[in-house]
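S.K.: Please build the complex by placing chain B on the supplied structure of chain A, with the hints as guidance.
Number of protein chains: 2
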Amino acid sequence: MEQRISLVTLGVSDVARSRAFYEALGWRGQEVEETVFFQAGGLALVLWGRDKLARDCGLPDEAAAGFGGIALAQNVRSDAEVDELLAAAQRAGATITKAAATNAIGFYSGVFTDPDGHAWEIAHNPGFTLAADGSLTIPDFGTA
Amino acid sequence: MEQRISLVTLGVSDVARSRAFYEALGWRGQEVEETVFFQAGGLALVLWGRDKLARDCGLPDEAAAGFGGIALAQNVRSDAEVDELLAAAQRAGATITKAAATNAIGFYSGVFTDPDGHAWEIAHNPGFTLAADGSLTIPDFGTA
Chain A
14 MEQRISLVTL GVSDVARSRA FYEALGWRGQ EVEETVFFQA GGLALVLWGR DKLARDCGLP
74 DEAAAGFGGI ALAQNVRSDA EVDELLAAAQ RAGATITKAA ATNAIGFYSG VFTDPDGHAW
134 EIAHNPGFTL AADGSLTIPD FGTA
Chain B
14 MEQRISLVTL GVSDVARSRA FYEALGWRGQ EVEETVFFQA GGLALVLWGR DKLARDCGLP
74 DEAAAGFGGI ALAQNVRSDA EVDELLAAAQ RAGATITKAA ATNAIGFYSG VFTDPDGHAW
134 EIAHNPGFTL AADGSLTIPD FGTA
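Residue numbers (my numbering), protein chains in the order written: chain A, 14 to 157; chain B, 14 to 157.
Bound conformation, chain A alone:
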């Protein structure tokens, strides 16, 4: 298996509401058959009906709302950017589930959830290199 991800699909209860949320944050995508595709670097973030996504995966969808076991993160370039982005998300209707603060590891981050409860950590972690195009490179931790 190659070491890469092609799509991250968020199951949502209302595609229009979810699209409006991400557009309020500045994302721009294309909608095809009630599916929204956002180009995000070398992969796509996709919004699709949660029921359809579960069915497509061959999985029963019994879980109530709540933490789904996966978190997305966007690393930014300054503590101020963390604050600005969390404030913008809140204005767009997100819930701030962790106010921005310096965490135990020593970097500044906060977390919001989108209208379906999908978690986004916004972090300024100088230990992880961000290229001009936003791509991230894991540092050499000297471990294996």
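Just so you know, these hints were derived from the structure itself, not from any lab.
Here are some of the chain A residues that sit facing chain B, going by a computed Cβ distance under 7 Å:
#, residue
1, Q43
2, L56
3, A57
4, R63
5, F80
Beta carbons: idealized from backbone N, C-alpha and C, even for Gly.
M.R.: Leaving out everything else, chain B in the frame of chain A:
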């Protein structure tokens, strides 16, 4: 907000088991403080204790196992590659939740779940361009 993802973190119940699963599929990463980082193109796939991830997100973790509302996908270059990858995943301990088949849209795909139930769709969709480095470009659907 820039239109990109820096990290996709999978909450797992046993980091060592989960790491062994992804390594059996050929992934190679670095472990730091019970956290495994895999470079995956311009972002990182991260394995971290589900309880720690929930706490870090400020979210209660009440959900039982089951579909968490997010699916990852890896697009490959042929139908045969879909079959090979699903077979390799099964040998590594994955559950095949959707056997490979041509779906309603007309492309060939199947789905496995990792030891914590995280879903991976493996797809051969010629409509989505894959660069040599594996990065994916959404086609121009002519929609907005």
